[in-house]
Amino acid sequence: MSSTEENNQKFSTLNDVEKLHRMRHSAAHILAEAVLEAFPSAKYAIGPPIDNGFYYDFELPRSLTPEDLISLEKRMRKTVKKNVEITGELIAKEKARKIFADQPYKLELINDLEDEEVGYFQHAQFQDLCRGGHTERTGQIGSFKLSHVAGAYWRGDENNTMLQRIYGLLFFTDSELQAYVEAREEAERRDHRKIGRELDLFSTHEEYGPGLVYWHPKGARVRVEIEDVWRQKHYANGYEIVFTPHTGKASLWEQSGHLDFYSEGMFSAMDIDGSDYYMKPMNCPFHIQIFRNTRRSYRELPMRLAELGTVYRYERSGVLHGLMRVRGFTQDDAHIICTTEQMENEIVAVVDFVLELLRLFGFTEFEANLSTQPAKSVGEKKQWDEAEKALERSLNRAGLPYEIDEGGGAFYGPKIDIHLKDTLGRKWQCSTVQFDFNLPERFNMTYIGEDGNEHRPYMIHRALLGSIERFFGILLEHHGGALPLWLSPVQAVVIPIADRHNDFAFQLQAKLVQSELRIDVDDSNERMGNKIRKAQLQKIPYMLIAGDREIESNQVAIRRRDGEDLGTMNLDDVEKLLSNEKINRA
RNA sequence: GCCCGCAUAGCUCAGUGGUAGAGCGCGUUCUUGGUAAGAACGAGGUCAUGAGUUCAACUCUCAUUGCGGGCUCCA
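In my numbering, each number is its position in the first sequence, counted from 1, plus 481.
Hints in this document: simulated from the structure, not taken from any laboratory. Not one of these hints is a red herring.
Computed list of lysine-lysine pairs in DSSO-like fashion (alpha-carbon distance at most 30 Å, straight line): (1) Lys-563 / Lys-626; (2) Lys-491 / Lys-626; (3) Lys-555 / Lys-524; (4) Lys-555 / Lys-500; (5) Lys-908 / Lys-870; (6) Lys-1020 / Lys-908; (7) Lys-524 / Lys-559; (8) Lys-902 / Lys-675; (9) Lys-491 / Lys-555; (10) Lys-675 / Lys-1020; (11) Lys-699 / Lys-1057; (12) Lys-524 / Lys-562; (13) Lys-675 / Lys-1015; (14) Lys-1012 / Lys-1057; (15) Lys-576 / Lys-491; (16) Lys-870 / Lys-902; (17) Lys-626 / Lys-555; (18) Lys-500 / Lys-902; (19) Lys-902 / Lys-1020; (20) Lys-699 / Lys-1020; (21) Lys-579 / Lys-524; (22) Lys-675 / Lys-626; (23) Lys-699 / Lys-1015; (24) Lys-857 / Lys-870; (25) Lys-1020 / Lys-714; (26) Lys-699 / Lys-714; (27) Lys-992 / Lys-1057; (28) Lys-902 / Lys-626; (29) Lys-992 / Lys-699; (30) Lys-574 / Lys-491; (31) Lys-908 / Lys-500; (32) Lys-992 / Lys-1012.
Using the sequences and the accompanying hints, generate a full structural model.
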């Protein structure tokens, strides 16, 4: 329990964050009270406030149904209406054990707590073991709604009992709650799986392998566009692009340490001529072989090897999700091998490069996390310090807001993760920059320095988009499927009003295709209104309408997908308009 | 993997212990139109898979597979 002082502070004097926190926490108690009323044999576990509300975990005699949530919510509202006082105090552990004698989860918590006294909160008949942070009365909890039930392990450990977790949403006012629910619905409308199907971009085939993505022609057009700009920018930023195998013998994965430390993330071995081969879960060991293929001089450093490398990782069936979590995906991977002196500039360059690339795709807000040396790690303290300092300086130079996750680095090196914010305000981690003090040792990577001696280089892993599949999913949700013209699978559709206009439409298509624009002609036997509707639903940036009047004047009527009518234009002007938008990646 | 829910036409979804429906989409025909749905007709389903209960299962039970929501937010 935080200080009694804090708990006694008048609710009305608190800031909004703390108020909301307390309201959510109290709502959790009120929920637990309702559940205990409805199920006297229920065992209650923990019930904290969370980002959008609260939850409480229970062990119950039966599974909850959506109807249960409705009746529990009713019970809660009664308690709110009664507006009883919520009180808290510190009591001796012994006393607490008596109060919670038939509550095994509470007893376990009591035993695990270090202080001699524990927090005890109550309102009406309800009592709970609790660190505190509550409203003063049950009537002060704002606007809430029970949202759903989910399974959750006691203390998040899958070896423990599975409890039923009831989630609730809670905000100050009805309108804030409403706004949150609407934002959620908007997110549902933008679900990349839905958009992917509607726009015919990609599919997965559960019967032939869940978590494996099939890119359809239109999705592939977008991917090719993403990859093209990716390659172009990598060459421009001093990277060399490589291709490496999708599989390699066990000996490679033994030496890299993956079989020891990452085998649960790998697909099972394949037998080839009596040897075990594994699908690659990472590209690094292969890039290292390219480096090691010959004696390297310091004059060749920094060496930056980049690959759109498709990797396969075993993900547990329950976590697969559309394009966001899959078993086969393409990393935009690179490994930078450099000297100590070069390291800091390399990091700075990577961070700049990340932002440059992500901005191209329409993202403008970023945050970073810097994860430092964990308790168990390889490498020398000096290396870690240098690397961490370089990472931090690069974040400062880029002006990125960041948080430090003390001890959160991988055992092999510190890292920064960069999160982007999408239009719905959701954060996604795509980019990562990681030092690796482990693989250069394991593979005995060396270069000959200016002094003629062998030196161990630094190695930095980095991915900018992360996974092409996942990034594509984020991009679709960010734009709600209405991708900017340069990424759109179909950039404009020519709509002839009647069959006799088809020839003109195809001529227009042929002209625009010469400027490397992706143009369809809708020559289906439909009315113009229907063709426009289809094009709108397909989120095609421009509709070019051709009828008698246009053919007469050798022009075309142009309409944007946002509904704006741009009137009629000469064909050359249309071509310029589209080309410029494409080139500027507007 | 585990908990809960779900699985009916290409998509979205109704439905019944007596082997099935709608809308959209698709095909054909009519129609040749002016900025978000023209009309008619038609084709499409072993009701996820396997087993059980039953005279009879798409429907009830169990299992399997897949999908969806969750599984750090430490009283």
